[in-house]
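Q: So the chains spell out like this:
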Amino acid sequence: MATGARRRGDGQVGVEVSPELARQMYEQMLRIRRFDLHVNQLYLSAKMPGLAHLYVGQEAVAVGVCSALRRDDYITSTHRGHGHCLAKGAQIRRMFAELLGKEEGYCRGKGGSMHIADPESGNLGANAIVAGSTGIATGAALSAKMRGTDRIAVCFFGEGALGQGVLYEVMNMASLWKLPVVYVCENNLYNEYTHYSETTAGSVIDRASALGLAAESVDGQDVRAIYGAALRAVERARGGDGPSFLESLTYRFFGHHVGDVDRSYYRSKEEEEDWKTNRDPVRIMADWMIERAIADRETLDRIEQHVEAEVASAEEWALGAPYPDPSEVDQDVYA
Amino acid sequence: MSMPSRVATPAPAGLRELSFAQAVNEALAEELRRDPSVFIIGEDVGEAGTPFKVLSGLIEEFGPDRVIDSPISEAGITGLAVGAAMTGMRPVVDIMFGDFMTLVMDQLVNQAAKVHYMSGGKLNVPMVVRTTLGATRRSAAQHSQSLHAWFSHVPGLKVALPASPQDAKGLLKAAIRDDSPVVVFEDKMMYQSKGPVPEGDFLIPLGAAEVKRAGRDVTIVATSSMVHVALSAADLLEGEGISAEVVDPRTAVPLDRATLVESVQKTGRAIVVDEGYERYGVTAELASVIGEGAFYHLDAPVRRLGAMDVPIPFSPVLEDLTVPTPESVAAAARELCREAAKG
Numbered sequence: 001m002a003t004g005a006r007r008r009g010d011g012q013v014g015v016e017v018s019p020e021l022a023r024q025m026y027e028q029m030l031r032i033r034r035f036d037l038h039v040n041q042l043y044l045s046a047k048m049p050g051l052a053h054l055y056v057g058q059e060a061v062a063v064g065v066c067s068a069l070r071r072d073d074y075i076t077s078t079h080r081g082h083g084h085c086l087a088k089g090a091q092i093r094r095m096f097a098e099l100l101g102k103e104e105g106y107c108r109g110k111g112g113s114m115h116i117a118d119p120e121s122g123n124l125g126a127n128a129i130v131a132g133s134t135g136i137a138t139g140a141a142l143s144a145k146m147r148g149t150d151r152i153a154v155c156f157f158g159e160g161a162l163g164q165g166v167l168y169e170v171m172n173m174a175s176l177w178k179l180p181v182v183y184v185c186e187n188n189l190y191n192e193y194t195h196y197s198e199t200t201a202g203s204v205i206d207r208a209s210a211l212g213l214a215a216e217s218v219d220g221q222d223v224r225a226i227y228g229a230a231l232r233a234v235e236r237a238r239g240g241d242g243p244s245f246l247e248s249l250t251y252r253f254f255g256h257h258v259g260d261v262d263r264s265y266y267r268s269k270e271e272e273e274d275w276k277t278n279r280d281p282v283r284i285m286a287d288w289m290i291e292r293a294i295a296d297r298e299t300l301d302r303i304e305q306h307v308e309a310e311v312a313s314a315e316e317w318a319l320g321a322p323y324p325d326p327s328e329v330d331q332d333v334y335a
Numbered sequence: 001m002s003m004p005s006r007v008a009t010p011a012p013a014g015l016r017e018l019s020f021a022q023a024v025n026e027a028l029a030e031e032l033r034r035d036p037s038v039f040i041i042g043e044d045v046g047e048a049g050t051p052f053k054v055l056s057g058l059i060e061e062f063g064p065d066r067v068i069d070s071p072i073s074e075a076g077i078t079g080l081a082v083g084a085a086m087t088g089m090r091p092v093v094d095i096m097f098g099d100f101m102t103l104v105m106d107q108l109v110n111q112a113a114k115v116h117y118m119s120g121g122k123l124n125v126p127m128v129v130r131t132t133l134g135a136t137r138r139s140a141a142q143h144s145q146s147l148h149a150w151f152s153h154v155p156g157l158k159v160a161l162p163a164s165p166q167d168a169k170g171l172l173k174a175a176i177r178d179d180s181p182v183v184v185f186e187d188k189m190m191y192q193s194k195g196p197v198p199e200g201d202f203l204i205p206l207g208a209a210e211v212k213r214a215g216r217d218v219t220i221v222a223t224s225s226m227v228h229v230a231l232s233a234a235d236l237l238e239g240e241g242i243s244a245e246v247v248d249p250r251t252a253v254p255l256d257r258a259t260l261v262e263s264v265q266k267t268g269r270a271i272v273v274d275e276g277y278e279r280y281g282v283t284a285e286l287a288s289v290i291g292e293g294a295f296y297h298l299d300a301p302v303r304r305l306g307a308m309d310v311p312i313p314f315s316p317v318l319e320d321l322t323v324p325t326p327e328s329v330a331a332a333a334r335e336l337c338r339e340a341a342k343g
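Protein chains in written order, with our numbering: chain B, 1 to 335; chain U, 1 to 343.
Treat the hints as calculated values from the structure; they're not laboratory data. Do not rely on the hints blindly, as some may be mistaken.
[Said to hold, decoys possible] Capping the alpha-carbon separation at 30 Å, the derived lysine-lysine pairs in DSSO-like fashion look like this:
| no. | chain 1 | residue 1 | chain 2 | residue 2 |
| --- | --- | --- | --- | --- |
| 1 | B | K269 | B | K47 |
| 2 | U | K122 | B | K47 |
| 3 | U | K122 | B | K178 |
| 4 | U | K194 | U | K173 |
| 5 | U | K53 | B | K178 |
| 6 | U | K173 | U | K53 |
| 7 | B | K47 | B | K276 |
[Stated by the list, open to error] Cβ-to-Cβ under 10 Å is the rule here; a few derived chain U residues that face chain B:
| no. | residue |
| --- | --- |
| 8 | E74 |
| 9 | M89 |
| 10 | P91 |
| 11 | T102 |
| 12 | D106 |
No experiment lies behind these values; they were computed from the predicted model shown. C-beta atoms are modelled at their ideal positions from N, C-alpha and C, and glycine is treated no differently.
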């Protein structure tokens with residue numbers, strides 16, 4: 001496979017998506033959407049401590065990429081990580097429990113929204129330092145290779161991480177040593193409250209291709225396009241051909257975090273409406289499935305009702321779940 | 001006053017004289033042989049064997065896949081080590097100069113130190129970072145610092161400070177087998193110094209202080225490079241009839257408080273000596289542990305001696321003023337004994 005930057009236009013999916021997979025991806029995107037909408041309500045009703053960074057609007061990226069992975073492949077995630085964790089196989093109820101600081105949470109309540117880790121599904125953890133997990137993902141890929149496995153690692157990060165030097169340090173080593181890792185840059189246009197064009201010089205994917213990574217830019221609202229690009233990158237990684245870099249062009253429908261409600265000073269209502277109306281990844285997939293007669297509207301509605309019920313019941317369970325015992329506070333500092 | 005005696009560590013069979021560097025090399029070679037998950041990563045760790053030649057020969061035996069020469073990317077290689085450690089490997093990262101630890105702060109402090117706790121105990125980070133400390137090598141302000149206090153401050157990290165070839169081997173082997181991240185600071189001025197080192201599988205548990213020399217009148221708690229300064233000071237004091245006990249904590253974290261406190265309860269006087277900057281340094285923690293644990297046995301306030309609170313200067317005339325010496329430690333001990341006698 002030649003390395004170098006490529007751009008694929010909308011519609012150039014480059015891979016067949018079976019009806020079964022289409023339904024799975026649609027349902028998983030909806031699950032992430034409903035989960036984060038409930039999280040927002042938990043915040044607004046003051047039932048959840050702290051903050052959360054919602055993934056709403058970006059669901060196609062996590063689902064498209066994770067659909068190309070095996071359960072034993074690794075991922076690392078970010079502060080905006082609920083989507084990655086769910087797409088890799090986390091259970092909603094234990095996610096809610098963690099966000100609420102409960103004992104049954106994925107980290108026994110010690111991590112919270114920004115640190116969910118679930119080794120059983122290959123999730124090495126969400127990370128609240130921008131680019132903080134790029135070393136971890138690359139190290140997991142090094143380890144997978146050294147141990148003679150064919151597991152690969154996916155490193156999710158936002159375009160804000162493009163400002164961190166460590167990203168280029170680890171991509172350099174991944175390329176030098178042909179490590180089985182895929183860097184997935186979710187470009188949602190905003191480094192917190194600043195448009196990325198004010199912080200990012202030159203071309204995003206050229207930065208990766210300069211280091212010898214296979215790099216492409218892909219429509220982050222089209223789950224099939226993401227899936228196709230991820231399959232190519234995963235095949236390259238698993239086949240020993242080294243790392244890839246995917247820039248997914250996407251958008252977060254909510255603010256930087258749940259408390260970021262007044263956004264007019266950094267982006268317009270019109271821009272938000274345009275993305276929500278015309279570039280909603282869930283709707284794009286629904287339209288495609290209807291157009292291809294993979295599902296009709298009633299079927300999709302049923303899926304939505306089923307997912308909503310599942311999310312609501314998981315939330316209720318988590319709200320009633322116990323907090324950790326105070327004696328846990330100084331446990332697990334050292335292994 | 002009775003003659004002080006060195007308290008000998010029980011000597012297993014097969015003691016040989018090795019340099020500190022050879023002891024480190026031997027520990028690494030043994031662990032690389034024993035456990036296929038152990039590997040080394042760092043700058044010039046391969047054929048060059050590091051600028052200090054500590055790793056010479058390892059790449060010949062274990063090959064470039066297990067002794068990995070890296071780019072000059074301290075944060076990157078430490079980050080890789082965290083990820084590799086979380087997924088079944090036991091990396092040993094080589095950070096050439098302790099001053100470069102500034103470049104790995106996020107990887108150690110926010111990542112390695114917190115992964116186990118933050119994941120509710122599900123993920124481990126069994127990694128070692130080997131680096132150096134110590135001034136007087138005429139290397140100026142960015143190659144001479146002793147920054148171990150920073151890492152000792154952070155929950156989740158362990159910090160080892162070997163002061164002899166034997167301790168270098170035993171602590172490093174224990175660090176490699178530990179399931180938590182351990183930072184090992186080696187005194188770069190000590191690499192060529194020799195001492196007896198046991199052959200074979202010799203481990204020193206992390207968190208066990210050693211009385212390096214027994215004494216009656218004053219306890220000198222010293223770490224790493226300062227252990228030898230303290231022992232020389234004890235020799236000077238012996239000629240004046242003052243019997244000094246030298247206690248080496250060997251690890252700043254976990255800290256063997258009991259051995260420190262017990263010694264001071266016996267002698268009633270304490271000096272703590274460490275080559276880190278004195279202000280907010282390791283000496284402050286050690287003094288406070290002694291103050292809390294042995295207050296009613298103290299005949300005088302605990303004295304602290306650390307590196308002078310200045311960037312390490314280049315000129316030898318200036319640099320030598322910044323670090324505690326046998327003479328300055330002995331002078332402090334004399335003062336303490338006089339104060340106590342007056343009191």
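Q: Honestly, which of those hints from before does the structure not fit?
A: 11
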